[in-house]
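A.B. asks: Using the hints, position chain B against chain A.
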Amino acid sequence: DTEVTQTPKHLVMGMTNKKSLKCEQHMGHRAMYWYKQKAKKPPELMFVYSYEKLSINESVPSRFSPECPNSSLLNLHLHALQPEDSALYLCASSQDASGGTDTQYFGPGTRLTVL
Amino acid sequence: AQSVSQHNHHVILSEAASLELGCNYSYGGTVNLFWYVQYPGQHLQLLLKYFSGDPLVKGIKGFEAEFIKSKFSFNLRKPSVQWSDTAEYFCAVNLYSGGYQKVTFGTGTKLQVIP
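Going line by line, the protein sequences match chains A and B.
Letter by letter, the first sequence follows residues 50 to 164 in our numbering.
Letter by letter, the second sequence follows residues 1245 to 1359 in our numbering.
Next comes chain A alone, as it looks inside the complex (with noise of 0.2 Å):
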């Protein structure tokens, strides 16, 4: 199984609202990370979590919180968000984020607006 899932698959959501994005990978690897799209650009790196850690934190605002309650999840918690965060995003995972040499697994994304 070489899938990482994502749900929901699109999400509108307002200003004031608090919703979850999540993620899901069953190929055991201890690397997870979320991207964000926005059109016609390319993916931006926003968190990377290694062995359920944060490790990697892009200067990403704190109205999005992610968490890695395992080695298989890894959720991003949105509040309080703006119009320009409506993107895709992507979540991916690796073997391991310390190697340099792994290969990403990308989902399929969420679609988010933010009205």
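Calculated directly from the structure, the hints in this document are not laboratory data.
Possibly wrong hints are sitting among the right ones.
The calculated lysine to any residue pairs, modelled on SDA-like cross-linking and capped at a C-alpha distance of 25 Å, are [what the hints assert, rightly or not]: (1) B:Lys-1315 - B:Ile-1358; (2) B:Lys-1315 - B:Thr-1274; (3) A:Lys-89 - B:Thr-1274; (4) B:Lys-1346 - A:Asn-124; (5) B:Lys-1346 - B:Tyr-1269; (6) A:Lys-87 - B:Thr-1274; (7) A:Lys-90 - B:Ser-1296.
Keep in mind the model is a prediction, meaning the values are calculated, not measured.
C.D. replies: Same frame as chain A, but now just chain B:
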């Protein structure tokens, strides 16, 4: 900081034409290089990757790429494209820094193959 540039933003080819997509990166150290593809409505998938050894790497679906260290390039090629190759192609550089890997994507090239 590392960066990746893709020269062609939108390429239109007829079926059976040859393809070459350019990718240049800016980093003087050791890098690991990838090409990802995103078919319409699908998630990012790995086409091929280069870590070391033979600079000419072969990937899935008849794609290949050549790493030329002196030119900081990793161009993607296919001798004869098919309509099903219509997709967006991203070059990516994986830099191992501070104990963790960090992937930077190029801006992407949208390939449209006309039957």
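A.B. asks: Are the hints correct? Go through all of them and say.
C.D. replies: Results of checking the hints against the structure:
At roughly 31 Å between alpha-carbon atoms, Lys-1315 of chain B and Ile-1358 of chain B are farther apart than 25 Å, so this suggested pair is violated. Of the supplied pair hints, the one linking Lys-1315 of chain B and Thr-1274 of chain B holds, its CA atoms being roughly 14 Å apart against a limit of 25 Å. A threshold of 25 Å between alpha carbons decides the hint, and for Lys-89 of chain A with Thr-1274 of chain B the separation of about 29 Å lies outside it, so the pair is violated. For the suggested pair Lys-1346 of chain B and Asn-124 of chain A, the alpha carbons sit about 20 Å apart, so the restraint of at most 25 Å is met.
Taking the CA atoms of Lys-1346 of chain B and Tyr-1269 of chain B, the gap is about 14 Å. The hint holds against a cut of 25 Å. Our distance criterion of 25 Å between C-alpha atoms is broken by Lys-87 of chain A and Thr-1274 of chain B, whose separation comes to about 29 Å. The suggested pairing of Lys-90 of chain A with Ser-1296 of chain B is violated, with an alpha-carbon distance near 29 Å, which exceeds 25 Å.
Consistency with the previously given hints fails for numbers 1, 3, 6, 7, ordered from lowest to highest.
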